[in-house]
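Single-letter residue listing:
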Amino acid sequence: MTYKLSQIAETIGLDYQGRDIDIDGIHTLSEASPSQLSFFNDAKYASQLSKTKAGAVLIDAKHAKLLPETSIALITDEPYLKLALASRLFTQKITTKGDVPKRGKNCDIDVQVRFGKNVTLGDNVTILAGCYLGDNVTVGSNTLLHPNVTLYHGTQIGERCIIHSGTVIGSDGYGFAHTRTGEHVKIYQNGNAVIEDDVEIGANCTIDRAVFGTTYVRKGTKIDNLIQIAHNCDVGEHCLFASQVGLSGSSTLGRNVVMGGQSATTGHLSIGDFSTLVGRCVATKSLEGGKTYGGFPAIEHRMWLRLQAKISGLIKKKK
Amino acid sequence: MTYKLSQIAETIGLDYQGRDIDIDGIHTLSEASPSQLSFFNDAKYASQLSKTKAGAVLIDAKHAKLLPETSIALITDEPYLKLALASRLFTQKITTKGDVPKRGKNCDIDVQVRFGKNVTLGDNVTILAGCYLGDNVTVGSNTLLHPNVTLYHGTQIGERCIIHSGTVIGSDGYGFAHTRTGEHVKIYQNGNAVIEDDVEIGANCTIDRAVFGTTYVRKGTKIDNLIQIAHNCDVGEHCLFASQVGLSGSSTLGRNVVMGGQSATTGHLSIGDFSTLVGRCVATKSLEGGKTYGGFPAIEHRMWLRLQAKISGLIKKKK
Amino acid sequence: MTYKLSQIAETIGLDYQGRDIDIDGIHTLSEASPSQLSFFNDAKYASQLSKTKAGAVLIDAKHAKLLPETSIALITDEPYLKLALASRLFTQKITTKGDVPKRGKNCDIDVQVRFGKNVTLGDNVTILAGCYLGDNVTVGSNTLLHPNVTLYHGTQIGERCIIHSGTVIGSDGYGFAHTRTGEHVKIYQNGNAVIEDDVEIGANCTIDRAVFGTTYVRKGTKIDNLIQIAHNCDVGEHCLFASQVGLSGSSTLGRNVVMGGQSATTGHLSIGDFSTLVGRCVATKSLEGGKTYGGFPAIEHRMWLRLQAKISGLIKKKK
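Chains as they are written, first to last, in my numbering: chain A, 1041 to 1359; chain B, 1041 to 1359; chain C, 1041 to 1359.
Worth flagging that the hints you see were computed from the coordinates, not collected in a lab.
No distinction is drawn between identical chains; accordingly, a pair holds when it is met within one copy or between any pair of copies.
Derived lysine-lysine pairs resembling BS3-like cross-links, with alpha carbons at most 25 angstroms apart:
(1) K1259 x K1226
(2) K1105 x K1093
(3) K1133 x K1145
(4) K1133 x K1259
(5) K1133 x K1044
Just so we're clear, the structure is a prediction, and the values are computed from it rather than from any experiment.
Sequences and hints are given; from them, build the entire structure.
Shown next as structure tokens:
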């Protein structure tokens, strides 16, 4: 989908009269290309303004002068709200139209599976009843989808994966801009989700598509049931997640990270390689690799055990 | 469904010889109409006895004299258990029988969608494969149901809603009476669930129907994935729930309440307008609006931060 | 499925030249029969070695001499990893092939239900659209499956059960062996799941099949929505679980155990009859019956309340 910048400006209620360019998507300041629109909404990203390659940027008047000459400023005092309105232009219309998938050898596909357009399956793919694969989904060879799995459009599943029943991959990330009167305007999630090779995902998990770019679950990672992986997470290779883990948006995990049952991350942080978060732990900021963490907020597990002992001592002494 | 009171009494094993009336449902003391049966099970509702409009009330002998003359007392020393037995009479039989829905213009409905009887769809409704809409469901115009959504009978969905895959709306609330030998008798959940306009609900959420009356998610509210909203909750307008939130039964939330990831309420409480509960917070009693809360039990967030600092200090001092 | 021991050894990369026997499955040291393979991986089970009836045991050279003469030692320094490789031999191939189920009288089965081979339904069974019942599933009389329920192969459901939408029973437990380079090798979960009579299970729950043997939910237990019951759990009769509870693997619960919302167990422990774990409680070790527990780690509730008061006091005093 490509629009003239002037068209976009008009659609989202901005007055723009300058040079017109073609815009074919939206991305962050650091990732946007010259044919993409970006936005500036948070002072902590100010250092990125001068380096952005975005063709145009939704930005307040005060910061607009920090943009390079190659980026057109679309001046607004509500850049995030305008971003939300613009995001709708680039979303794929959801329809029931489908097609026969391209498929490799020896696939075993139930008659009660529904495919969108342009789906591609490798060899020896097994898909049981009630699964749905949206437009442009790809599934690698030797992968097994148990019944009632939903893969939204654009989802990519690697080879030798096992996806258990009820799991939903590629559903919309949770992103909204807010009006001054407290209403929420959807930021259409136009990225996708990629599950690499040799991943196993348990039952009734939810893995959201990215707002821009891609949500990743990397090679060899195994996750249990009822787990939430939010938009723009990047889960490293060979991670292990026990049941009911929740990753907030833009959590980046290294390789071989172990997350205990019901543990969680708040968003926009990194967990280093070979870390372990024990059950119920909550990472509220980035954590160094190679260590074991516990508690909320997460601290080193041995400290947490000492802390627990201290806390217990508050009443035991008195007994 | 209408029964003679004498029939109900007989069915649930009570001896009743008085005036006979028609009973067409069950409700609480405060909400029951003259054609409904109610029950008295908890001393804290004693003040409602004299004001009830219920046609008949399951009640112990001692309290029966507090009822107004218009309410017939059905005397029992196990009113809650008898309520459970009576609730079964008013439940809708679940069958596979369906019918073609009434539908507005330009609907896009997958062939693998199943409808109960008397379903009504507005204009431009899109429903993808694997969805199920039970008897008497209504879906407003411009609403989108992603694949594998289940709407139990009587569920009402507003206009411009988006419901993501795997979400279940209108399933039975969790309500049981208990026998003296420790068995649990189902209280049939004969209410419904209503989702108002402009609501978005993430993947694999569960929103239960009310035991009596209605579970509400009000206009403009946006909820993330894997969220539990129990029976008889009333979620106000423009609320925001992050993933894995759990609301216990009869939680009433004002407008613009924000619930962080994995936060929760225990039941039968109110959360005021414009409150925020941060991640993992648990509201154990009603909370005043306009404030931010943290911790379990919930306290004001700034106090919780002080408390966390104190707790951390228990070991840091010793180091 | 039966293999020669020599075949198994070859498949998993072990050199074995001794007496050959037929092996038809895998089980723990204490449960394995003379026609089954077992494994020794954890010093705490050393006392079981001399008593095992297993036909053969994957075991390190040092401990092999503790086996009885009736058990053949398959020597390896990675018994758990070899177990994982062997487990694959005994797993049932998942295919879309199905058959018409055997069914009792007056069943009401939607046309959009899919059955594997050799499914058996009792009388008056109701199964709504989108359900999937794998090979060898049995469903007792008067049981109701709401739409989009998935029962993996070998699952047994009792009489008068109600299973709500989106629930998955019999999915693979979460079990992996780990290579020295940090990769995870699936331990195929060749057990099953059994739900006894009069059980009600809420929406979007996940109940995993056992790795060996059976995961049980016993008679009369009622569980709410979004609950995780891991492999090899044994949930006693007449238990009550509020929403978002998570049981880790091999949790054994007595009768009438009450688990509050978002409470959990870590694995390999027992909870005694008539215990209550309040909301958010985590049992980290076995708990005596008849008591109420709170906190993480779980302590007696009255102690936990005292502890909470002490903790609150840390800041209140200072105010």
